[in-house]
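Q: Chain by chain, the residues run as shown.
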Amino acid sequence: MHHVLVDQWSQGASPMHARDPRAKVVALVAFLVVLATTAPDAFATLAIDAALLAAGILIARLPLSGVLLRAMGVLPFSLTFGLMSWMAGDRVRALGLVEKSYLSTVAVLLLIGTTPLPRLLSGLAALGTPRLLVLLAQFLYRYLFVISEQAQHLRLAALCRQGAGTKHRRSRFRAAAGALSVLFARSYYRAEGIHRAMLARAFAGRFAPLKPLRFRASDAVFALATISFFILVRVE
Amino acid sequence: MTPIIEVRDLHFQYADGAKALDGVSFTLNAGESVALFGANGSGKTTFVLQLNGILRGQGNITVCGLPLTKDNLAAVRSKIGMVFQDSDEQLFMPTVLEDVAFGPLNQGLQPEEATERARSALEQVGMENALARAPYHLSAGEKRKVALAGVLAMQPEILVLDEPTTFLDPPAQRNLLHLLRELPQAKIIVTHNAMFAAGIAQRAVFFERGKLVADGLLEDIVQRFDWTYSALPLSDLRYSAQRRF
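Chains A and B supply the protein sequences, listed in that same order. Residue numbers 5 to 240, in the numbering used here, belong to the letters of the first sequence in order. Residue numbers 163 to 407, in the numbering used here, belong to the letters of the second sequence in order.
No lab work stands behind these hints: they were computed from the structure. Please note that the accuracy of each hint is not assured.
Stated by the list, open to error - Listed next, the stretches of chain A that the computed footprint assigns to chain B, with coverage defined by at least 3 CB atoms under 8 Å from CB atoms of chain B:
no. : stretch
1   : 10 to 22
2   : 110 to 122
3   : 129 to 141
4   : 207 to 220
Note that the Cβ used here is the ideal one computed from N, Cα and C, for glycine as well.
Model the full assembly from the supplied sequences, consistent with the hints where possible.
A: The following block contains the structure:
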């Protein structure tokens with residue numbers, strides 16, 4: 005499961021992991037703004053951005069190929085829109101769409117691969133993100149595990165009962181559609197159970213962090229240095 | 163003796179109209195352990211979910227002298243530690259330590275104190291070496307122990323265990339039995355496993371179609387409702403672990 009792997013990455017130890025999530029979020033936002041305003045054919049700037057991300061991944065001791073491979077998850081979407089632009093004759097825009105979406109995804113993976121989600125959400129809350137959004141993200145994260153686990157159980161059960169006669173695409177599609185509806189229903193009940201278990205442990209709608217955030221001087225230096233570098237690269 | 167749980171004439175109906183509890187009255191004294199028996203769908207789990215206000219029916223519930231009202235909900239949930247049937251529903255934080263500290267943090271404890279409580283609870287269940295592990299990497303028995311630690315860290319006065327032996331192999335069940343016997347809290351055990359229950363509780367109640375139809379000595383209840391897997395008497399079936407005590 006991808007999210008489990010990224011979750012494991014986030015538990016690592018490196019100078020990137022040690023940074024306060026707020027510093028990393030601010031740096032990420034600056035990077036995304038700079039990337040979005042970079043011309044699609046400014047290949048030198050984009051190459052420097054890519055190199056910077058690669059350096060970040062290496063400093064964070066994350067597997068470079070693993071991050072790059074997982075970032076490809078965005079390509080089916082960006083390639084579709086890129087193809088549409090290409091067919092409309094706007095090749096530069098098409099290229100820009102694919103490049104920028106891929107680099108943005110790598111940057112986001114670098115952030116979540118070096119920040120455990122509870123800390124990341126605490127950081128977002130401290131930066132003024134509405135509490136409801138933070139809470140929704142926390143639940144979404146929790147339920148992602150639940151849904152993928154349920155899906156795996158269903159898949160296994162389906163495989164166990166899959167005879168030689170299920171080669172027809174139509175019947176497989178029908179079975180998949182049925183499994184999807186069961187998955188929704190099961191996930192709902194499971195999520196209800198989790199919520200009950202949380203209430204039983206005195207949950208009152210707020211996740212209190214075990215390790216409170218501490219914004220140190222080194223975090224300020226990190227945020228300022230990365231933002232300055234991004235702007236410098238963009239201006240150059 | 164003043165009961166620590168007192169339930170009077172409790173009724174509950176699910177949204178689909180199914181009547182789940184029908185006039186249940188029940189008491190539990192400090193330090194006492196009681197097993198809740200009954201067929202699937204007889205109302206056992208629905209009943210225990212009423213005790214800390216997760217489900218709300220009609221009737222009076224008092225826990226450690228506190229009437230169960232909206233204002234007392236947080237206090238009551240701190241008094242009753244509930245260990246759910248499926249530990250996966252209970253464990254959701256990235257590490258075992260963070261998960262066990264979840265309850266104490268919700269109780270308003272400072273992170274240092276919550277960490278201390280979590281460490282101590284994990285030590286109590288023999289999982290002190292799993293602090294940094296991810297809960298989804300644990301075995302079923304380990305998950306159950308961590309789930310129990312998550313509840314013990316809140317220092318409850320009453321433990322409610324819903325089908326505690328589910329998913330556990332016999333050695334893990336035996337370990338859990340040892341562990342529970344050493345805990346001083348009053349216990350309510352929802353189970354089909356009469357052998358396991360007999361290792362902890364002397365008293366049992368029996369649920370039938372939402373009604374509490376019998377309350378008495380565990381062996382009498384088991385015999386009266388024929389609540390064992392075997393024709394052998396309960397005394398012959400008890401866990402060997404119990405004989406060590």
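Q: State for each hint whether it applies.
A: Status of the hints after comparison with the structure:
1. 10 to 22: Contact hint for the stretch 10 to 22 of chain A vs chain B: holds, 4 residues under 8 Å.
2. 110 to 122: It holds: at least three residues are needed, and the stretch 110 to 122 of chain A offers 3 whose Cβ sits within less than 8 Å of chain B.
3. 129 to 141: With 0 residues closer than 8 Å to chain B, the stretch 129 to 141 of chain A misses the three-residue bar; violated.
4. 207 to 220: holds (count 7)
Checked against the numbered hints given earlier, the structure breaks only hint 3 and satisfies all the rest.
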